[in-house]
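Q: Can you build the whole structure from these sequences, using the hints too?
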Amino acid sequence: MFQVPSTPDSRRGDNDIPSTTPAGPPPTSFTHQSFTPAGQPPSSVLGSSFGPNNGFNSKSAFSFSQFTKSPSNRVPTTSNRVPSKGFNVPSSSPPRQASDDVTGGPGLSRDEAANILARGFGGGFGGAFGGIANDTNLPVDTIDDMLDFGPSPRGAKRSRNGDVMARSMRSSRMFGRDLDRDSTMPGVANGLVASMPDPSSITENDDLVLKTESILEALDAAFKSKPNDELDLALQQAISQLHQEWSKHKNHESVAASIGPVDKSSFSRASYAATLLFQIYNPVSLEAPSAKRQGTFTSLIRSPTLGVPHPQALLSWLNTNHNPFPEDLPEVQATRPNPVAHERFWDTVYQALLRGHITAAINLLSSADWAHADSALEDGYDEPGYKDSQLTAVQHVIASCVSLLRTCPAVTDNDWAVPSTSWSLFRTRARRALDDLEAYAEADSADRDYGATTNVFSASKSFAAGSRRAESRVPWTIYEQLKAVYGQLLGFKEEILLSAQDWLEAVVYLTVWWDGEDEVNLGASRRGAGRGQRDRLVDLDPVAAYRRRMLGAFAAVTDEPEDAVLGVNTVDALQVAVGAVMEGEVESVLKLVGKWSPVVAASIVDVASVGGWLPEGQPRTGDVMDGFDAEDLMVLSHGQLGKDKNSVGRDAVLVRFSELLAKKDKLETSDRVTSQQGWEVAVRVLSRLDSASRAQTEISKVFDSITLDSATQVDKALKVCSDLGLDAQVRAVSARYANKLTESSQSYGEALLYFARAHATKELQSTLDLLLSTSLVRSAAYPATNELDPKLAELLSDQVRVVSRLARMDVEAAKLLATRLSGYAALRRFYELRDEDEEDEDEDEDMADGDEEDSVIMRKKKSGLRPAARRKEMVKAIVALVDSAGESIRGGLFDAEAVGVVQVDALLGLLGEAMGLLHQPQATFTKRQLMALLRATEDLQTVSSRVYEQSEALFQACMSAYTGAGVSNPQDLTKSLQLQKSTSNLSGSTYGMVNSRGSIESEKTGKGSEGEDGVRRAWDWRRGVAMTVGRSAKGSDVLRILRVGIAKDVGKGWAEGR
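Numbering (this note's numbering), first residue to last: 1159 to 2216.
Because the hints were derived from the structure by calculation, they are not lab data. In this text the structure is predicted, and so the values were computed from the model without any measurement. Check before you lean on any hint, since a few could be wrong.
EDC-like, lysine to aspartate or glutamate: derived pairs with alpha carbons at most 16 angstroms apart [claimed, not checked]: (1) Lys1369 x Glu1838; (2) Lys1422 x Glu1411; (3) Lys1641 x Asp1594; (4) Lys2034 x Glu1990; (5) Lys2192 x Glu2107; (6) Lys1859 x Glu1817; (7) Lys1408 x Glu1375; (8) Lys1898 x Asp1862; (9) Lys1859 x Asp1993; (10) Lys1877 x Glu1838; (11) Lys1422 x Asp1730.
Using C-beta positions, here's what the derived DEER-type ranges look like [what the hints assert, rightly or not]: (12) Ser2102 x Gln2078: 30 to 36 angstroms; (13) Ser1358 x Lys1877: 26 to 32 angstroms; (14) Met1354 x Thr1855: 24 to 30 angstroms; (15) Gly1770 x Ser1358: 29 to 35 angstroms; (16) Ser1358 x Thr1586: 54 to 60 angstroms; (17) Gly2050 x Thr2121: 30 to 36 angstroms; (18) Glu1485 x Lys1406: 21 to 27 angstroms; (19) Thr1517 x Ser1353: 42 to 48 angstroms; (20) Lys1382 x Arg1966: 19 to 25 angstroms.
For each residue, glycine too, the CB sits at the ideal point set by N, CA and C.
A: Right, here's the structure in full:
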């Protein structure tokens, strides 16, 4: 016997189970069969019972909206609209699968709901759905729309191709649960960085590089010199200047319906992430980058001000750098007969509010003519626009909303401190306005209390909600849009996410519109306003509070995205960089930015170091650690974890930047006012390194890589180093160039100056000793007056002026040069005075046929002293030289610490020059001067043999040069004397007169025979020795002759009573 089974549970959403009822499956909302056995009822039964002229004035009649199931959520055509005169819900309701429980209620199935609907609710709504039954082929979509009671304002997000996307952010996510989660972006960033090539050159414009470097130099100077309060201001100024400068060199246009700039250059991508990073840690306001963007949401972008709140800074960055649909506002404003007739009117209002353009939103709402509103079509009208009582109700609630917006602190006082007290009062007014709206719209709704128990976007749907729609005094679409506006002003998560086009906007909006309370639940934003404002993190440390808020918002939006655009595209390095910014992973940002633009990377580390948010928490300590040796550093680092080899430090970023700068030949501004060589800018960058030792090493590498072959280039390098306070580099560069001069030229004057600047005492003394010994060997000034290089001539003729000029740059160098030069200068003075008469005769002959004026000029160069006065000056000079040379052998004992400006090696030669002034008809030596000569003679004869042999060697060179058996040029003189070996055995502090400069190019001074060297002398002591003793004379012979001469002059003076 056939047994009729029971009907399966009709609440189940799957319709694949075959019906077992005898009459076949019952009609459902997915079929076109009539719910009544006799077919569709006549129109007289369920005819239209009300409309604009139905006589019902106390309540407005409503029907239900339709919803298209296509993925793109296309706006239905006119034929799909419900032909009633009531109001529909918005057409952008979320899509549902065929298996969904349409009603969402706990005890009513889809089929039961359809049967109730077909019966007209048994008069429960007084025929509110009259006219529906007239359509015998009612589309299934229409039935679905009638059962869609959930709130659904417009404001739909749009996909990457510009279509409207379904809203699926219905569920509430916890905000605090993911704050302690591991960051996800560093791992992704490391993977991307590994596959990205290192930049091989600086591709940015020279103007940008030079201006950026100038800003960073000023910031570094402020860090080293200004107190903390002034340093904060300097930091904000630097960031603001970087924003302005970078804006000039990039296109701010955003990629349509995506994240990132249209300009795909490396600099644009790097600055995109860097400027957002700055706005989080050191917020400033931004200037409008171009006039083109001023027409689209630019009320917030003003000239840079300092110390702006985080909400203002973040919105300023968003409006400048990320606007995927910039055409919306102009398009809506241009709509005729009124902007409200545009289908994206409410979308534009939402975007204006969330982006901080509250004045633009006020203008849109206050100027709207609701008689042309496109939303009326969604509320069931046959054509746009509201009429009669509905129009009056719309105007009333819109006016209330506009009145509230006009009291916003951002409008009245340009106050964007959203967590502040003024904003708290504004939010209180907004809650009251929301309550007033609900009270006005649902004053006569019997189910108002039921609806109040659900969120604005609750997924729960019931016929009680439908009743609320039907009884609302305000058209339901307008009602829901205004509730969304109030929700956004109050910072409600669901309302904010409703209009976010992508995850970047979602995170920024959730951060900007935060009320400052330390919430745990992002969705728990409907709590009362009477919470205490004390001890909030946002009041104590705004940067930390907003970083925490942004991290939570980023986790809530992107960890488990319910929509594709709410997830980070990990293949796009720029999105990963922005995600790392929001997670607070500065090091990951640096790794990516460093691959794009070393200029921007250097800016980040410099700003971060001054701001105190550089990774690893290492403050700038200057030379503190440089005072420890390797063992000290090993002890100090004991127990510390090793540094990640992949970590990025400030010094490493700056060194890489400097390496690329050094490769550039020249950087020049477009107006050609500023021009600097690449190495010069590189040195300036390296001067900012935290490690002084590394800075010195890297700067040395830079100078080693360039050619310093002229005094102009060297002076420029020294000026750069001096300006930056790089004293060690000044000395290194000076020594390098001076050594080059001594090896390849005869520019002794320049060599002396640069050795002095290098504080190279030994090298300076060695060069002077070479000049002095060569002069002694030749018994004439070397180089000759007409062969002096310009610098040496200036040193000898106007020593005071040259040394004074040097003292303005380096006092120690000036003292060193003035002291050491005195010995050589005194010997030259001696020879010039001795040979003045002989030179005058030569010049008289040369000037006989020359210009008289030239002759006068030349004669002015002479001493102007009479012969007796000249001899006295010569005596003073030679005695001073002898006294200085004997300084180190006082009492016959060699003292390496007492070396004078003239080495003891020259003593025999100097005593030989003094012999020429003895035995004069008129006394030229005083008793004291004679005793000085005698003392030097005694000391030299009693000193150790090694010291005496050194002086003897130079004496023999003098005699050999006179007889022609030896040489008188510097290079060969060094070889013949072999002084390098003998002097090195004396002491580490003595330095041979000719030992270390033997590589100087040989000076061809003549034929090397007596009377044929081209030098005219008043007398030559070597001739007297050779005639008296012979060509094989020794130093002891000179000392013997000198003793006799001193004794005679002393005796003569005693006899004359002097």
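Q: Against this structure, judge whether each hint is valid.
A: Structure-based check of each hint:
Restraint check for Lys1369 and Glu1838: satisfied, since their Cα atoms lie roughly 14 angstroms apart, inside the 16 angstroms limit. Distance check on the hinted pair: Lys1422 and Glu1411 sit about 11 angstroms apart at the alpha-carbon level, within 16 angstroms; holds. Between Lys1641 and Asp1594, the direct Cα distance comes to roughly 11 angstroms. Compliance with the 16 angstroms bound is thereby established for this hinted pair. At roughly 14 angstroms between alpha-carbon atoms, Lys2034 and Glu1990 fall within 16 angstroms of each other, so this suggested pair holds.
Distance check on the hinted pair: Lys2192 and Glu2107 sit about 11 angstroms apart at the alpha-carbon level, within 16 angstroms; holds. Distance restraint check for Lys1859 and Glu1817: the Cα-Cα separation of roughly 10 angstroms lies within the 16 angstroms cut-off, and the hinted pair is therefore satisfied. For the given pair, Lys1408 sits about 23 angstroms from Glu1375 by alpha-carbon distance, which is inconsistent with the 16 angstroms threshold. For the hint pairing Lys1898 with Asp1862, the CA-to-CA distance comes to about 13 angstroms; that is within 16 angstroms, so the pair holds.
Taken as a hint, the Lys1859 and Asp1993 pair is broken in the structure, with Cα atoms around 50 angstroms apart against an allowance of 16 angstroms. For a cut-off of 16 angstroms, the pair hint linking Lys1877 to Glu1838 stands: about 10 angstroms separates their Cα positions. Between the alpha carbons of Lys1422 and Asp1730 the distance comes to roughly 12 angstroms, so the proposed pair stays at or under 16 angstroms and holds. A hinted range of 30 to 36 angstroms for the beta carbons of Ser2102 and Gln2078 is consistent with their spacing of about 34 angstroms.
Range check, Ser1358 to Lys1877: about 30 angstroms between beta-carbon atoms, so the 26 to 32 angstroms window is met. The supplied range of 24 to 30 angstroms is met by Met1354 and Thr1855, whose beta-carbon atoms lie about 28 angstroms from each other. Taking the beta carbon of each, Gly1770 and Ser1358 are about 33 angstroms apart, inside 29 to 35 angstroms as hinted. As the Cβ distance of Ser1358 to Thr1586 is approximately 59 angstroms, the hint placing it in 54 to 60 angstroms holds.
Look at Gly2050 against Thr2121: about 31 angstroms separates their beta carbons, and that is inside 30 to 36 angstroms. Hint check: Glu1485 to Lys1406, Cβ distance near 24 angstroms, so the stated range 21 to 27 angstroms holds. Judged by the Cβ atoms, the range 42 to 48 angstroms given for Thr1517 and Ser1353 holds: they are separated by roughly 46 angstroms. Separated by about 23 angstroms at the C-beta atoms, Lys1382 and Arg1966 satisfy the suggested range of 19 to 25 angstroms.
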